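Chemist: If you read the sequences in order, they're chains X and Z.
The first sequence begins at 44 in my numbering and counts up one residue at a time.
The second sequence begins at 44 in my numbering and counts up one residue at a time.
Treat the hints with care, since some could be wrong.
Stated by the list, open to error - Only pairs whose alpha carbons sit at most 25 Å apart, straight line, appear in this in silico SDA-like list of lysine to any residue:
1) X:K85 - Z:P147
2) X:K269 - X:S425
3) X:K62 - Z:N306
In case anyone wonders, no lab produced these hints; they're calculated from the structure.
Since the model is a prediction, treat every value here as computed from it, not as a measurement.
There are 2 protein chains.
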Amino acid sequence: MTKSSDISASSLATRPFAKRVGEIEPFRVVEVLTRAKALEAKGHDIIHLEVGEPDFTTAEPIIAAGQLALANGETYYSQAAGIPELRVAISNHYKTEYGVDVAPARIMVTPGASGALLLIAALLVDAGDGMLLADPGYPCNRHFLRLVEGEGQLVPVGPEHRYQLNAKVAAEYWQDNTIGAMVASPANPTGEILTRQELSDLYDLCVKNKGHLVVDEIYHGLTYGKAAVSILEITDQAFVINSFSKYFGMTGWRLGWLVAPENAVVEMEKLAQNLFISMSTMGQHAALAAFTPETKKIFDERRDEFAKRRDYLLPELRRLGFDIPHQPAGALYLYAGISKFSNDSQQFCMDMLEKHGVAITPGLDFGRNQSNSHVRFAYTTSIERLQEAVRRMEKVLGGKD
Amino acid sequence: MTKSSDISASSLATRPFAKRVGEIEPFRVVEVLTRAKALEAKGHDIIHLEVGEPDFTTAEPIIAAGQLALANGETYYSQAAGIPELRVAISNHYKTEYGVDVAPARIMVTPGASGALLLIAALLVDAGDGMLLADPGYPCNRHFLRLVEGEGQLVPVGPEHRYQLNAKVAAEYWQDNTIGAMVASPANPTGEILTRQELSDLYDLCVKNKGHLVVDEIYHGLTYGKAAVSILEITDQAFVINSFSKYFGMTGWRLGWLVAPENAVVEMEKLAQNLFISMSTMGQHAALAAFTPETKKIFDERRDEFAKRRDYLLPELRRLGFDIPHQPAGALYLYAGISKFSNDSQQFCMDMLEKHGVAITPGLDFGRNQSNSHVRFAYTTSIERLQEAVRRMEKVLGGKD
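Same shape as in the complex, but just chain X (with noise of 0.2 Å):
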């Protein structure tokens, strides 16, 4: 027993990790987080512009209807793909808010947005594939990518196309090996959308490739103008990713959703079988609460809070000598170039947050395109705290008035 002990360290250690483990970085977010809450520890007031979740706990109803289901034990394994009345709730939201027909069988709920994209990574990237990404965007899709074998294949996208991927550019990065593209609509770090005609396009190319589409909806509600496209409005054929997190407001409960083509339901139920047996039953069962009118009526509440914070904060940081060159339309980040103040953004947020108690993330979270030039504010405080933030940054960048 000594023995087995004594010469596993070093014996152990000498068969490596897989390789894809020192391909896949770190959520830089994450770091932040944690710095600015060591901060907090020691007495610094730091004002919260990291991490991309609503600052509000999740609405009441929601809350009620998790601890009914608790009282009612709803504590067993449900079935793979969901409980069918979360399924056909979701289906009645296409309805109602696209006026889209999606039956509850091309449904599956996940395990958040995460569990989405992995069973579609699962499902359709063999070893070798690649998809193509915006870059930036969120870093954990061309991880899922890479998990299993597969490549994200980024494809740098700038202001002259509002951030997005869009069919142009798609079809001149398209490979021999690309199996399609995996966009996102409003996208995170841009809050950016991709309008209906661009979205159709993408699709034309994709079935022209032959390829997938896969078109991640997960800030859909979270806009401050006109609803955005979904693509379920314009095919059946592809696949969409959504989640109970942002406009729900229910990050914390690890729920989201798929959208399949009729053709792939039955292999991603085979999947979601064996990768999660399960979602949190009593967390479905909450989640219903999520489709009654006492309920959205909390949530575009919130939604017009968020939009009076982009309102507040996109001319004051334009003020202030950041570089946001379009309005965004939704999602909760405002993405800005730095290149007035530093050409590292790195240590541009750890000044900002060391020395002035601002925290927010480095481009390097989102790709390699400019992220060094780039920084994202996610607008998950309040309006008091953000005019706290612009009064500290100003003290030290100055404003261009």
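Based on these hints, arrange chain Z on the given structure of chain X.
Modeler: Chain Z in isolation, oriented as in the chain X frame:
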């Protein structure tokens, strides 16, 4: 728009799903359950012996703690490795129950044991790598390996080794691309454990071959005699998978944990950030209530009830002619040979369900080794219902006496 839709179904259907999809099998127990529920809906009385889930609702103190966590607004993301209090509680559990020091930093909370399996596959397995697995065994293990383009290397094990993968057999089956072994103690579907000596020998073999040892301990606590030995009593260099589902009775909450060697912790956490972001925050606060003396008393009463069921069902099945050569030490299962009755366990199970209302799981769910001559009984229903199942089976199978 309509143009896109018209050509889409045929065009996209020409791109096949990833190759792994054809190799990952459905969880057949789910099919049995689905058919059983359909029969119940038609008014049939079905005795459920198919699903490996305790038939007890989650213990009241955990329910209450979950409700309180919701009232307290614990609805936000939490740390990717789990909330610190829960990691400390699990560390204390190892001290109390096993007398082993496991630093909280080595413990990661996961979305079910399923999440732990995903992290381990992602961390350890390169494309083309294999891990040794006992056949029969938990079917999803090999599918997690396949997910990341590795493979489960099934090792047939029989009653002569109490259906366990021991060091001698593992050494015979170790191949050039084998990077380790994954075992379970107590095991599903056999309920058999690995002794301290067997675990120690297996570990020595892995060290000798520079391989990783992964031990699934999710049925720990559910042993009906001596407690199962944890690999952590032998080495701090193995990976351990555990769960709140079985002994702790929290299946539908989707919470598990893993214990990793110290040098794996940083990489594991990075993977968890990307693959999960977070686990259910409310669920983790609820799980803290699993470690009080009051709750442990409930768990141990339930364990005693499972022991009574095993002690009733085992001799009765033997009397009916099922072949169960060895009394299993734990878990919720009896793995039974049916060669006296049939050489087609799928058909046998279907007949039992359709004609006699007894739902059991065919051996094919657990591998290929003599799977057609075996079935699994889960004693996850009351003694009275087990008695009724025996009466029904006796009518058709007769008794040996």
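Chemist: All hints are to be evaluated individually against the structure, with a verdict given for each.
Modeler: Hint check:
1. X:K85 - Z:P147: Given pair K85 (chain X), P147 (chain Z) holds - Cα atoms ~23 Å apart, limit 25 Å.
2. X:K269 - X:S425: OK: K269 (chain X) and S425 (chain X) at ~24 Å, within 25 Å.
3. X:K62 - Z:N306: Given that 25 Å is the threshold and the Cα spacing comes to 16 Å, the pair holds.
Of the numbered hints given earlier, the model fails none.
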